[in-house]
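Let the sequences and hints guide you as you build the complete structure.
Number of protein chains: 2
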Amino acid sequence: MSDGLTVPFALAAGLSGAVDSTNLIIIAGLAEIAAGSIAMGLGGYLAGKTEIDHYNSELKREHEEVELVPQREKEEVKDFFANLGLSEEVQHQAVNEMTKDKDKWVDFMMKYELGLDKPDEKRARKSAFNIGISYIVGGIIPLSPYFFFKDGITGLKISAIITLICLFIFGYFKSRITGVSPVGGGLRVMLIGAIAAACAFTIARLIEGL
Amino acid sequence: MSDGLTVPFALAAGLSGAVDSTNLIIIAGLAEIAAGSIAMGLGGYLAGKTEIDHYNSELKREHEEVELVPQREKEEVKDFFANLGLSEEVQHQAVNEMTKDKDKWVDFMMKYELGLDKPDEKRARKSAFNIGISYIVGGIIPLSPYFFFKDGITGLKISAIITLICLFIFGYFKSRITGVSPVGGGLRVMLIGAIAAACAFTIARLIEGL
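These protein sequence lines map, in sequence, to chains A and B. Using the numbering used here, count along the first sequence one by one with no gaps and you end on 310. Using the numbering used here, count along the second sequence one by one with no gaps and you end on 310.
Hint data in this document are derived by calculation from the structure and do not stem from the laboratory. For each residue, glycine too, the CB sits at the ideal point set by N, CA and C. A couple of the hints might just be wrong.
No farther apart than 20 Å at their CA atoms in a straight line, the calculated lysine to any residue pairs in the SDA-like style are these [to be verified]:
id, chain 1, residue 1, chain 2, residue 2
1, A, 178, B, 204
2, B, 226, B, 147
3, A, 250, B, 308
4, B, 202, A, 182
5, B, 178, A, 212
6, A, 178, B, 185
7, B, 274, A, 156
8, B, 218, A, 183
9, A, 218, B, 175
10, A, 178, B, 183
11, A, 178, A, 165
12, B, 211, A, 207
13, A, 178, A, 156
14, B, 200, A, 153
Here's a subset of chain A near chain B, in silico, CB distances under 8 Å, partners left out [claimed, not checked]:
id, residue
15, 136
16, 142
17, 143
18, 190
19, 201
20, 208
21, 240
22, 278
23, 282
24, 296
25, 307
Okay, here's the thing in structure tokens:
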């Protein structure tokens, strides 16, 4: 959503510096929103699917290894307990108990040797959908002032005010969830948006002047 | 990089459907590249910094808890070993050995209770820089044909050919690294780009027709 706010906002800002008609800004903005939401939403969905394929192929491989080279796999379990700082004796006992149940053993290898958590297909689908929708909602916000003003610069001013406030609010609540300073987080996200828009505006102006 | 290829490509495609001058497509494209590279690069960098702050605040909290409520923290270590399927006896021994060294104990809690790996500040900086640069490089590719052709539709045709080939190559090698079918992965990434561009083009055409 933060990208969805920032990129269309900065693009519209850039175009405001180069063209007079807000019509074109709206066309470019909506094209960008369509492109961004599909690239991120669909891209995220397919990345999730790839992750599931990857997990399943690794799972199959671990099952085979546990059958074919159990001694080497036991060594790997032992290494894990050794790294935790457990004594030789406890390592040994833990390995013996751990490797009794092959399914549990394989789960353990997946999680702690390979660092892979079982991906959730349903959640991946939902998350991709949310990303796509957030990008659209986020993108409509900075673009909306251009619908009401014929002049690009006026649209830009209103868009900047609305978008920077939204970015601050977004950054504020996101930071509160992750447990960092909310005001600092809000200012950070706002600053990125402002810098991106200023750069896009400057670049568009420079090219237009050529 | 995949987003860097896809979004500017689709945006340019959309504008090709609505405007005649490639000049404007180039301005919008470069503004989008500036905005996207800053939003993603700087955004990624600040997200990395936030992650480090979050890690450090959790680390401090775990150190305090180990001092103040060691019994509860020991229970949590024991739960971890119980979940692995170890016997009551081995759980007990493991907890006793594990919690002798307080630093190791806290490291263990960070990693296995909270699932947090120590973030690497240098790597976060480098990765953000790479994301920003990749977005710029990726964006220049689909935009380049518009520099050489005055007609948007001709530019779009060349851009589509170049970009879809690049997306396929990119998807191919990325899939090879993650160990999934390379051709399938290449086609997937290519398809996302094509769908995003087609949608952007259609939307721009529809609005232009209003």
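Going down the list of hints, with the structure as the test:
1. A:178 - B:204: 18 Å, holds
2. B:226 - B:147: 13 Å, holds
3. A:250 - B:308: At roughly 16 Å apart (the allowed maximum being 20 Å), residue 308 of chain B and residue 250 of chain A satisfy the hint.
4. B:202 - A:182: This hinted pair holds, its Cα atoms lying about 17 Å apart.
5. B:178 - A:212: Distance of about 17 Å is within 20 Å: holds.
6. A:178 - B:185: 15 Å, holds
7. B:274 - A:156: 18 Å, holds
8. B:218 - A:183: Cα-Cα ~16 Å, so holds.
9. A:218 - B:175: Given pair residue 218 of chain A, residue 175 of chain B is violated - Cα atoms ~26 Å apart, limit 20 Å.
10. A:178 - B:183: 17 Å, holds
11. A:178 - A:165: Judged against 20 Å, a Cα distance of about 16 Å means the pair holds.
12. B:211 - A:207: 17 Å, holds
13. A:178 - A:156: Given that 20 Å is the threshold and the Cα spacing comes to 24 Å, the pair is violated.
14. B:200 - A:153: Cα-Cα ~41 Å, so violated.
15. 136: At 5 Å from the nearest chain B Cβ, residue 136 of chain A passes the 8 Å test, so the hint holds.
16. 142: Holds, because the Cβ-Cβ distance from residue 142 of chain A to chain B comes to roughly 5 Å (cut-off 8 Å).
17. 143: 5 Å, holds
18. 190: With Cβ-Cβ at 5 Å, under 8 Å, it holds.
19. 201: 6 Å, holds
20. 208: Where the cut-off is 8 Å and the nearest Cβ of chain B is about 6 Å from residue 208 of chain A, the hint holds.
21. 240: 13 Å, violated
22. 278: Holds, about 6 Å.
23. 282: Violated, because the Cβ-Cβ distance from residue 282 of chain A to chain B comes to roughly 11 Å (cut-off 8 Å).
24. 296: 4 Å, holds
25. 307: The hint holds - residue 307 of chain A has a Cβ within 8 Å of chain B, the shortest such distance being about 5 Å.
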